[in-house]
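Chains as they are written, first to last, in our numbering: chain H, 14 to 100; chain S, 314 to 1031.
Keep in mind that the hints were calculated from the coordinates and are not lab data.
Here a beta-carbon is modelled for each residue, glycine too, at the ideal position from N, C-alpha and C.
Take these hints with a grain of salt, some might be off.
If you want a taste of the chain S side facing chain H, the calculated C-beta under 8 Å gives, among others [claimed, not checked]: (1) 487; (2) 504; (3) 507.
Here is what each chain is made of, one letter per residue.
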Amino acid sequence: MTAPRRFVVDEELTIVTAADHRERLLASLGDGNALRIDLSGVGDVDTAGLQVLVMARAEGFRLGLPVEFAEPSAAVTEALALTRLEL
Amino acid sequence: MALDDDMREALDMFVTEARDLVQGLEEGLLELEDQPSGGETVNAVFRAAHTLKGSSGLFGLQHLVAFTHVVETVLGSVREGTLDVTPGLVSALLPCTDHISAMIEGLARGQLEPDAAQAADGARLLSGLEPYLMDGGAMTPTASAPGTDAEPQERAWRLELHFGEDCLRNGMDPLSFLRYLSTLGTVTDVVTVTDRLPDAADMDPESCYFSFEVDLVTAAPKSEIEAVFDFVRDDSDIRITPADSQLDTYVRAIRAMPENDRIGDVLVTSGAVTELEMAEALRIQQERAVREGTQPVPIGEILIEQGIVQRAIVDAALNRQRRTSETRSQDTRTIRIDAARLDKLIDLVGELVIAQSSTGMPNSSATDTSAEAQSEVMRLVDEVRHSALSLRMVPIGTTLRRFERVVRDVCMELGKEVSLVITGGDAEMDKALVERISDPLLHLVRNSLDHGIEPAGERRKHGKAQQGTLRLNAYHDAGNIVIEVADDGRGLDRDRILAKAVERELVAPGTALTDSEIYNLIFEPGFSTAETVSNLSGRGVGMDVVKRNVTALRGSIEVETTRGIGTTIRIRLPLTLAIIDGFLVGVGSSSFIVPLDRVTECVELPPGPLVRDCMNLRGEVLPFIRLRQIFGIPGHAARRQNVVIVEQSGQRTGLVVDSLLGELQTVIKPLGILFSRVKCISGSTILGNGEIALILDVGSLIADHSDRELLRQAVPVG
Chain H
14 MTAPRRFVVD EELTIVTAAD HRERLLASLG DGNALRIDLS GVGDVDTAGL
64 QVLVMARAEG FRLGLPVEFA EPSAAVTEAL ALTRLEL
Chain S
314 MALDDDMREA LDMFVTEARD LVQGLEEGLL ELEDQPSGGE TVNAVFRAAH
364 TLKGSSGLFG LQHLVAFTHV VETVLGSVRE GTLDVTPGLV SALLPCTDHI
414 SAMIEGLARG QLEPDAAQAA DGARLLSGLE PYLMDGGAMT PTASAPGTDA
464 EPQERAWRLE LHFGEDCLRN GMDPLSFLRY LSTLGTVTDV VTVTDRLPDA
514 ADMDPESCYF SFEVDLVTAA PKSEIEAVFD FVRDDSDIRI TPADSQLDTY
564 VRAIRAMPEN DRIGDVLVTS GAVTELEMAE ALRIQQERAV REGTQPVPIG
614 EILIEQGIVQ RAIVDAALNR QRRTSETRSQ DTRTIRIDAA RLDKLIDLVG
664 ELVIAQSSTG MPNSSATDTS AEAQSEVMRL VDEVRHSALS LRMVPIGTTL
714 RRFERVVRDV CMELGKEVSL VITGGDAEMD KALVERISDP LLHLVRNSLD
764 HGIEPAGERR KHGKAQQGTL RLNAYHDAGN IVIEVADDGR GLDRDRILAK
814 AVERELVAPG TALTDSEIYN LIFEPGFSTA ETVSNLSGRG VGMDVVKRNV
864 TALRGSIEVE TTRGIGTTIR IRLPLTLAII DGFLVGVGSS SFIVPLDRVT
914 ECVELPPGPL VRDCMNLRGE VLPFIRLRQI FGIPGHAARR QNVVIVEQSG
964 QRTGLVVDSL LGELQTVIKP LGILFSRVKC ISGSTILGNG EIALILDVGS
1014 LIADHSDREL LRQAVPVG
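Chain S with its partners taken away, still in its complex shape (with noise of 0.2 Å):
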């Protein structure tokens, strides 16, 4: 099946869609195991099922819709009381969450269909709920479709058979036809139409000028009686249509049909109209949207024009579909995009053209006047990027409650207790940072359950609940977001992880570390204090990974920990990678702009010479750095100059600069890949004049002078 731009277009938004749908099935399934008895959140989770399941079908995929029909229904028997949630099933129907999942992203990477593995993991999983479609198949209403049932009723139909020519040639008699329809049911009526034959001289002895009308009783499927006429059919015009006395019994079949997104589904699966029916009416339909250049003709109109099947049953049909139409609406109010901001942001432009217009106004021919515009157009222009900004964030909660499930299903593998807290979910962040900062945290959470908390046992033996607890917990501080990863567990292990660290030569032996700095070490490459590798983590690669993660976002890692008592480790990530609020400074010609979350305040240098680049804070040593110097800015140091002070991790530095310039909404540009390697600057970005200003990574730049302080101090003493 060959996709075009459209197609792919949509099928991506089917992809999206669907991943929250799976999610909030997932949420839905781990909270009814704690609650069983939501009755809120059984009809979400069965709304999620269903939408997702229409969904499949309006992409005719076709496995998808049979998969999640059977987690359907096993949720339809939930929904209706009939079945009652147990561990056991959600432990089935977790899986099917993961299976469904891994489909939709085979489709995201262009897949259609399952691959063998796949289909056969659907095919075990779905044996797996089996036993549930026993206990709640009674009550089951979507499934059985008319003509599926276990006996099949007897229902009339109406052949009109109108052969072609040639038939009695190709050694087809119409005879034989309606001999064998005979075997298939019992034929009511026949109307043999004899109005094609020409007069006798010109008439064809071998040519076939009879019709037929044949009214035929059978239990056959619609497409069983058009089997009959395989071999005539492409000369001929057969055509078989529900007998007028069942319509009401069709219409009735089709308002108690499972909703459906297609007509022609819903028609195919009444019985009324066959695939083949079916497949010809829609060639008809492209055919004539192409030849006529218009918009196609509705499917149903094309059914009743070849008479194929009766108004009645298309109006039936078409009901069925508007009805399930509306109810999706309803199921998927997924606004990516909070509409109030949305709103606010076209008020914004709104008020910017306005504003914008006045500032034109011939008439605006004092000075003042027009000033008062202009300012009025950059305050605008200023709200107008905040808002456009806010749409890419996202609340951080649907991230965090992901692990919901990774904590579950860790637990049962590892046979821990540990109860997951999510505190801040409210806090927001950049779309693009939520992705990204997912899978580090997941090795987090995951490191956490394995490493740090320890079994039940062993928290008993040391007097603490049997129960463990894992924080997630999120929060914004300083134009940044924090989030932490913190556990009850054991804490980290101070000798073990120094002694570690000498095993893999990371540090010299004797080495004199402080705590902090020993701790850190878990983020280096290759470091795993695991004993045993388990097949969750400790296998060397992961805390490095995270931390460069981190790093790679302009965030920083720290950790936290008390032997016996847990562990924090905790992220810190600015809100959003494309815009900063900055301190534009001066040293000399060259401009640099401070991060100004980083920025605690700004003092004058005191006069005077200064020993060890130290000056003295309102009775604190604070140390700081000589932007000239380390830059190597030709020229002399202004006269009075300058010292802005920033924070990183707790530490305070001060930056000398000559001069302090103010703030500036920052557009960062990256430096690209010849500079990747530089440290010390995170960024460019271009000034009201044009001019460039590199932004300062206040993190690299206060290690790397302490890393050259430590050389300096070391120097003298080896």
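For reference, chain H alone in the conformation it holds in the complex (with noise of 0.2 Å):
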């Protein structure tokens, strides 16, 4: 097994990027790559964003490809906390 991926999402990860995300994601597993995805960058963050985070780790479990998350920015964090979500 390679070492994770970086996966780098900018800007933003809200409904106006899900799709390209998702898609981009879905074909990062797809090659059989682990993830890390780095949300460092992230400036504004949604519902939308969130359950696309949510889809890929469980997506990369049901494939078997662990999907971490690294260096959230403070908008991450802050909808983390309003969730609770644990990622």
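Using the supplied hints, reconstruct the complex from the two chains, each of which is provided in its own coordinate frame.
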């Protein structure tokens, strides 16, 4: 197993970009890569964005590929605090 | 708000009940003014107000509930002993009963909301009660509901937020709701439920799959929390329930709440359910009842099922409601028909059924048995009718007591001191009559107070007690009920009445009239002797209307007065309008009915020529009227004629008839509009053989005859 591929989510993790992120995440996972999702650059996050993250982890789990999240930005931390989700 | 028939019917019943309650309230208040310490009266008054409030709530008459609530609160303080009954308090409360009464009469006319004037009136009256609310405010246990306290308590809520799939696309981000909730209070816990998130392949990244369970502790009322979700309510499922840990608090709060007839109100007031949720639950309740064609599911069940409120809270509210219903049924045990009378009637009907079946028995071949059974049926029919009629009879006392208020108010206005004495309130009369005589009586009472009883100063000057007395008396007299309105005032002024009558051209100047004729002039249209027109009476539209009303009820009115001593006005009314005991007489082929209560005796017409239609009755001169002559009945008089002696207002007159046919229970049928101007006949009835008999109006018959006699005697002179 190789080291997880770094996956960077830039500025926006919202409904506007959710479809893109989903495509990219599924594509990466489809290649058989474990993912390390870098959230340090996220400036804006909403429920749709969180759902994509949860989806990615669930899909990874289904495929047996670890998906981990790294360096959540302030926006992400706040969203996680609100929802008490643990990534 | 449209009323369906059932609702209308129920509302009618409410109006009837409410009228009684308002009257009870008023009577109680007046009684309290006299005896401020009457514990039982205080309770009765309080109960009346309370029941009134409860019943109004039942119909959603919020304005009435709100108004009565304040009255009830004040009375509550009186009951608790923290507020003393003072004339000021009674004076503040009495107009409130008037206001309630006005609103109820409005309801009777189908006006469910008060108009602007009434609303203003109500607000004014309530502000008049404010000082009393302050005094007893600390002791009023009913007003404050949890959540409306000055310092709202923090309460814990469990919010279940299932947002619609489209909410993200609609620009609603659940995260912002969560963020906003934390500004309302403390979000103690959130569980984000991700179960609905489909497999990655099926997921639409723009749909919302998350739902949230939020525990919130806040002082904000439930409706405020609810309002947060206003924009997403339509396609989301938002449930806000009291946190389990708070159940006891709600249950306790509900137990301490004022009784209420509607469980919904209890729940909403407790803060566990919002108006909006209630409305929604009611909608579901109705929809389901319509769809399934069944009885509506109890609203509490729906609230539980919808996850709006927990069973424990609903149960507490149900308890509250049940207790309310129990007290209500105790409070309003106003049986409009005496139960014993009803039982008797049912008993009689039972007997009648048995008797009737025995007439049809095949083995009753013996004629005498059959005849016996027949006569038993007859007897029972008679009794049933009597008994049924008595159901309509009510004591007149209720109506008479209503005047206590009138006397009080008029005395205040005129600055007179008058005590009202009511006697004979037990005398019974037809309910319809009671209602229709009430207005004429009211006028008589006002008249006596205004014109009859002198101001205190004048009374002292004449050596009378400073306080005047007005007596209302009722008694039965020969099939009639007599109602007297008597004052100990100045009495009628014979000369002034005559002068006025001449001035008004009611009588020609110089006419010789007896005292009683002069006094009776006050009943003439357009007659009024009041020199100053006061607010109360003296507008010249009174006594003639009174007389007309009394006459319309087949009654009579007379006045008895002594200068300086007082005046008594006596109204004589039949007990019922429907049936009279009649005395059937025959003239030629015609039959007439003389009301039996007028008949004193029957004698044979002495043979031989009689001059001037008078006969000797045991040494007295008795004038008589030949019915054959008056009604122009053809044919010769029978060989032996009879005289039915009738009495009207103390005057005896004979009616000459051919035959006496005996007593008869007579159901009066009115003559109809075509004959409405016919004098001397008050109605008709159908005899057993199908023929029609006319019912004689003895009063007008005699009056008519004496007019004619007068004319006849006057002719030779003039």
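Quiz prompt | Hints breached by this structure | solution = Failing hints: none at all.
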